[in-house]
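Asks: Residues per chain, in single letters:
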Amino acid sequence: MSQTTSAAVPRAGSPDAERTGPGGTAPAPRGGWLAPVVVTIRHYLDRTPGRLRVVSALAVLAAVLVALGGGAALRERAGALDEAQRSAGHLVLVQSVQTNLVQADADATNSFLAFGLEPRAQRVDYINAIETASRDLAKAVNDGPADALGSANAALTRYTGYVSSARANNLQGLPVGASYLQTASDLLQTGILPQLEAAAKADTEAIDSAYSRAGRAAIWLALVVVLGLGVLVWAQVYLAQHSRRIINVPLAAGTVGLLVAVIVAASAMVVSQSQANDVRTGDLAQARALSASRVAAFNAKSIESLTLIARGSGSIREPDWKAEMEKATRSLPIGNADALAALNAYAAEHAEIRKLDDNGNWQAARNRAIATGKSSANAQFDRYAEQTEKALTTRASAADSGLGDAGNLLLPAGLLVVLVGLLAAVGAWWGISLRIDEYR
Amino acid sequence: MTMRTSRFSPLAVAAACLLALPGCGAPAAGPAVKVEVPAAPQLAADPPNCNDGRPPNATLPAAVSTDPSKFPAGSTMATIKKRGYLRVATNGDVLNWGATNTKTGDPEGYDVDLAAEIARALGVDLKRTVYTVIPYSQRQNVLAEDRVDLVAQQMTITCARWSGTAKTDTAAANPAINLSAPYYTAGAKLLVRKDSAVTQVAGLKGEPVCGTTGSTSLAAVAKLGVTPVEAPSAGRCLVKFEEGEVAAIVGDETTLAGFTRQNPSSKIIGESLSPGQYGLGTQAKATDFTRFVNAVLVRLQADGTLDRLYAKWMKPIVGGSATDVPAADYSRNIAALKRQS
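In order, the protein sequence lines correspond to chains A and B.
1 is the number of the first residue of the first sequence in our numbering; add one for each residue after it.
1 is the number of the first residue of the second sequence in our numbering; add one for each residue after it.
One should not assume that every hint holds.
Calculated lysine-lysine pairs in the DSSO-like style (CA-CA distance at most 30 Å, straight line) [stated by the list, open to error]:
1. Lys322/A - Lys167/B
2. Lys374/A - Lys103/B
3. Lys70/B - Lys127/B
4. Lys285/B - Lys338/B
5. Lys355/A - Lys81/B
6. Lys355/A - Lys167/B
7. Lys355/A - Lys103/B
8. Lys322/A - Lys355/A
9. Lys355/A - Lys285/B
10. Lys82/B - Lys355/A
Computed far set for chain A versus chain B, every beta-carbon distance over 10 Å [as the list claims (entries may be wrong)]:
11. Ser151
12. Ser179
13. Ala202
14. Gly215
15. Trp220
16. Ala285
17. Arg366
18. Ala371
19. Ser397
Covered stretches of chain B, going by a simulated chain A footprint (3 or more residues, C-beta under 8 Å) [claimed, not checked]:
20. 83-95
21. 233-241
22. 325-333
Just so you know, these hints were derived from the structure itself, not from any lab.
Note that the Cβ used here is the ideal one computed from N, Cα and C, for glycine as well.
Please put together the full structure from these sequences, using the hints given.
Replies: In structure tokens form, the structure reads like this:
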């Protein structure tokens, strides 16, 4: 213990000596009530144990900062990923409403062409699609932008009313049925789908903002670590300079332990970030593209039927059909070769239907449009619809579980940082108090 | 009403042609033909004459002969007869005029029957007639593009159709076509609920009234104080009417007649607004076919076919006994008519 004293005296001696003189007297004449306090502090700092106590306090604070700040950053990132997962789940829900509604519309318009003799399967398909859409929409309204989705929900009630009127009039052979169906389709295109699209856009933006929140958490972690570990290292250096011992073991152990914990935390963050990015650019992007493709394709199918129902207006709606089909094809992600082939086969059938209708053979065109045989337009389209639905379901659930998994390591890592940080704080306090004790 | 004039004047003209003047109406050049027909009495509100100085209703002289065995080689009639069937554009959803029978898939109505009479006169197979359902905006295009021979679609005879119209900011160009002599007079009326006490447009002041986008009748009732509501087609107006969005529909009484059949809780009221005559449309270059159609119309008027069509399609709904059309005016001067190419 003898060397401690000798080590402390020469080093600290010169500045101490300088300050002792003026420190005790100079502030006194100027200071009012503050003067005694300043004097006390000066007096305290004049002596090595006093300064060591300050270093100890700073080191403890730094360790606690890393513990709590790092833990909070990891917690923030986990929260952001949860939010991204929630928004992605909502997006999937909204997209399900979109695709189910356009599917229902395609069913309603195509079966209208059968003039009362609609295929039973098509009717069942319509009812199922509407049921799924209503159920998902009710869920989506609950935890989404209520305004847009609420009005979409209200319009959906009117939509099904129009379709029912269209069907009832059609059964009686009244031409106004076609007008009801057109009104229903217009309502879907102007009063429901845009609102759903707005909600989907809001979800996408929420996902983006959750991702940037997650990105900011990494910056907070880095900041806290640099500051906290910096202070701990400085404390170590200070002790080394003021003693012959190069290393204060408890303090160093705490610092190194904390460094390891922080490295673990940073790795967890990197892993979660890359996993989340993979989901966003992979499964989530695929689900969105598939859904966009489906909406456009079903729209095209509806346009084909509505054109035939209007009888002879083919040349006018055909550009709309082409635009939707182009969108459906363009949006379809690579790797859906079967779906693409089916979509192309449908397009070829559609061309035949249009040729018949354009040549004045409406009856044959209509028969071809409502046929359900193996190579019929309906069968080809159904093949596309089934393929894309399967792919969409897979991608959507993969995106959901992927985002859930991405955050798995974050909370344990956060806990580790908190624990090790607190231990490091204890270590810093203990290590320095050993040095202080040597002055007694 | 002033429009109700002799229903038999076309017959008189045709008889004069057939009996007295062997060359009557034969040359395509209008001015050379001296068939003096008293012009139909015109309402003050009637549109002015077309740019050849003749009223809208003026058409080409009726052909001398409608005998299928004597169609001149190379004539439009000969071409159609050789093809074996007539191509007709009509409505698909105007009940009693041109509507698809959803049970049979066949179109039926006044215009469809009238087109069938033309086909019968041509001596072609009625069953093979190709009906194309087109929106109103395409009527002149389908003729100019040679997609159909005849448009039978409640088409009002106007100078704009005779001369064609150039493209404007709001409307596409419409090529010129030929029109037959009038075969029906129809004006715009109002469709209201059966229990409505309203009898005139004035009674609907401030109420929402539906009409097709850009229609003159909607503009007319709007001036009388109703709130206009536009729809892309008359059928869409019926939807709005049944959904309670509008109190009334303004439209051709022929169309409204079909609506009362689809909605028995409605009735037609009001004076006929801006009455106009329906004519059959033919291709601008096929003047021989226009004259053939005119000659067939003379016969259908004379033998009571038009009256039978009225009795079949319109009388059960709107009453009355016959269609009243102004006397045919065969003074159209094609050479002097300035047409959009």
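Asks: Hint compliance check: list the failing hint numbers for this structure, sorted ascending.
Replies: 12, 17 and 22
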